[in-house]
Amino acid sequence: MLVLTRRKGESIIIGDDIRVYVVDVKGKQVRLGIEAPPHAPVHREEVYRIIQLENQYAAREAPLDLNQASSVWKEEKEGGKDEN
Amino acid sequence: MKTETNLKFRPVDEEQKIKLKTTRFGEIEVPRENVIHMPGGVLGFPGYKDYILVPHKENSPFLWYQSLDDPALAFVVINALIVKPDYDVPISSALVEGLSAGRIEELELLAIVTIPKDRPQDMTANLLGPIVINPAKRLAKQIVLDPERYSTKTLILPQKK
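Just so you know, the protein sequences line up as chains L and V, in that order. Positions 1 to 84 (our numbering) are the ones given, in order, by the first sequence. Positions 1001 to 1161 (our numbering) are the ones given, in order, by the second sequence.
Incorrect hints may appear among the rest.
What the hints assert, rightly or not - Subject to a maximum C-alpha distance of 30 Å in a straight line, what follows is the list of computed DSS-like cross-link-like pairs (lysine-lysine):
1) K1017/V / K1049/V
2) K1117/V / K1021/V
3) K1153/V / K1084/V
4) K1049/V / K1137/V
5) K77/L / K1057/V
6) K1049/V / K1021/V
7) K1160/V / K1117/V
8) K1021/V / K1057/V
9) K1084/V / K77/L
10) K1153/V / K1057/V
11) K1057/V / K1019/V
12) K1153/V / K77/L
13) K1137/V / K1019/V
14) K1160/V / K77/L
15) K1057/V / K1084/V
16) K1137/V / K1017/V
17) K8/L / K28/L
18) K1084/V / K74/L
19) K1153/V / K74/L
20) K1137/V / K1021/V
21) K1049/V / K1117/V
22) K1117/V / K74/L
23) K77/L / K1117/V
24) K74/L / K1057/V
25) K1084/V / K1137/V
26) K1049/V / K1153/V
27) K1049/V / K1019/V
28) K74/L / K1160/V
29) K1017/V / K1057/V
30) K1117/V / K1153/V
Stated by the list, open to error - Residues of chain V clear of chain L, computed beta-carbon distances all greater than 12 Å:
31) I1018
32) V1035
33) L1068
34) A1136
Bear in mind the hints are in silico, worked out from the structure with no lab data behind them. Note that beta-carbon positions come from the ideal geometry of N, C-alpha and C, so glycine has one too.
Throw the hints in and build the complete structure from the sequences for me.
What follows is the structure, given as structure tokens:
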């Protein structure tokens, strides 16, 4: 991993079109400003990972058919059982 | 003359449909224009960029979001507004533009549903990472919202005590 030291107000450039600024440094917190094109979405890593994991779990648990799920849904929402 | 006309049209029809192998529905044919492209993929599945929406059946709120690249990969999705009618998602003008839409109103929000095996009652919707879709242009993107406001595991049905 490349490690660089930057001060408040300084920035780094990644590739041709991604720029990361150090906006502020206060105690243990660093505020970063990021300019990136749409093809390079920026996320807080921990949030990104949570969604990644949930997607993988959802795909793994996806049933072979949805009849049971939709019949539970119907019971709750409409008070009527699904015929299938 | 009639036969000629038929011959003219048939190859065009066939060209517009694509055959697709799926684990859940066997081999299906879908119009090419129904294919939804996700340049960024579903998070965690970066290589899978093309999907089709297959409605489950009449009176069911669920749809399948079936990958074109992997017959076994399919997500269950639901219109996010069914789960949370006041779902308020900040959508940037860059995203509207990125999905080739003119206005926010052209976009729809889908939530991926997790249905735990043998516990369908506990199904949850991922409202933290909805899929924003432009149905007219067949473009979609999974976005990341504020974890202080939304969860990946929003219960869809009331819990039985």
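Hints versus structure:
Straight-line distance between C-alpha atoms of K1017/V and K1049/V comes to about 18 Å, which keeps the hinted pair within the 30 Å bound. Distance restraint check for K1117/V and K1021/V: the Cα-Cα separation of roughly 24 Å lies within the 30 Å cut-off, and the hinted pair is therefore satisfied. Between K1153/V and K1084/V the CA atoms are separated by roughly 13 Å; this keeps the pair inside 30 Å, and the hint holds. Straight-line distance between C-alpha atoms of K1049/V and K1137/V comes to about 15 Å, which keeps the hinted pair within the 30 Å bound.
Our distance criterion of 30 Å between C-alpha atoms is met by K77/L and K1057/V, whose separation comes to about 16 Å. Between the alpha carbons of K1049/V and K1021/V the distance comes to roughly 16 Å, so the proposed pair stays at or under 30 Å and holds. Among the hinted pairs, K1160/V with K1117/V is consistent with the structure: their alpha-carbon atoms are about 17 Å apart, no more than 30 Å. As the CA atoms of K1021/V and K1057/V are separated by approximately 19 Å, the hinted pair is consistent with the 30 Å bound.
The straight-line distance between the Cα atoms of K1084/V and K77/L is roughly 14 Å, inside the 30 Å bound, and the hint therefore holds. Under the criterion of a C-alpha separation no larger than 30 Å, the hint pairing K1153/V with K1057/V is consistent with the structure, at around 24 Å. As the CA atoms of K1057/V and K1019/V are separated by approximately 21 Å, the hinted pair is consistent with the 30 Å bound. Using a Cα cut-off of 30 Å, the hinted pair K1153/V and K77/L holds, with the two alpha carbons roughly 19 Å apart.
About 21 Å separates the Cα atoms of K1137/V and K1019/V, which keeps this hinted pair within 30 Å; it holds. This hinted pair checks out: K1160/V and K77/L have alpha carbons roughly 14 Å apart, not beyond 30 Å. For the hint pairing K1057/V with K1084/V, the CA-to-CA distance comes to about 21 Å; that is within 30 Å, so the pair holds. The hinted pair formed by K1137/V and K1017/V meets the criterion: a straight-line CA distance of about 17 Å does not exceed 30 Å.
For a cut-off of 30 Å, the pair hint linking K8/L to K28/L stands: about 14 Å separates their Cα positions. Taken as a hint, the K1084/V and K74/L pair is honoured in the structure, with Cα atoms around 17 Å apart against an allowance of 30 Å. Taken as a hint, the K1153/V and K74/L pair is honoured in the structure, with Cα atoms around 20 Å apart against an allowance of 30 Å. As the CA atoms of K1137/V and K1021/V are separated by approximately 24 Å, the hinted pair is consistent with the 30 Å bound.
About 26 Å separates the Cα atoms of K1049/V and K1117/V, which keeps this hinted pair within 30 Å; it holds. A C-alpha spacing of about 18 Å is found between K1117/V and K74/L, which places the hinted pair at or below 30 Å, so the restraint holds. Between K77/L and K1117/V the alpha-carbon distance is near 21 Å, which keeps this suggested pair within the 30 Å criterion. Proposed proximity of K74/L and K1057/V is supported: the alpha carbons are some 13 Å apart, at most 30 Å.
The straight-line distance between the Cα atoms of K1084/V and K1137/V is roughly 25 Å, inside the 30 Å bound, and the hint therefore holds. With a C-alpha separation of about 24 Å, the suggested pairing of K1049/V with K1153/V holds against the 30 Å cut-off. Proposed proximity of K1049/V and K1019/V is supported: the alpha carbons are some 17 Å apart, at most 30 Å. As the CA atoms of K74/L and K1160/V are separated by approximately 15 Å, the hinted pair is consistent with the 30 Å bound.
At most 30 Å may separate the alpha-carbon atoms for a hinted pair to count; K1017/V and K1057/V meet this at roughly 21 Å. A threshold of 30 Å between alpha carbons decides the hint, and for K1117/V with K1153/V the separation of about 15 Å falls inside it, so the pair holds. Listed as a non-interface residue, I1018/V keeps its Cβ farther than 12 Å from every Cβ of chain L; the least gap is roughly 22 Å. Annotated as non-interface, V1035/V keeps its C-beta farther than 12 Å from every C-beta of chain L; the closest such distance is 19 Å.
Every C-beta of chain L lies more than 12 Å from that of L1068/V, the closest at about 15 Å, which supports listing it as non-interface. For A1136/V, the requirement that its beta carbon stay farther than 12 Å from each beta carbon of chain L is met, with the minimum near 19 Å.
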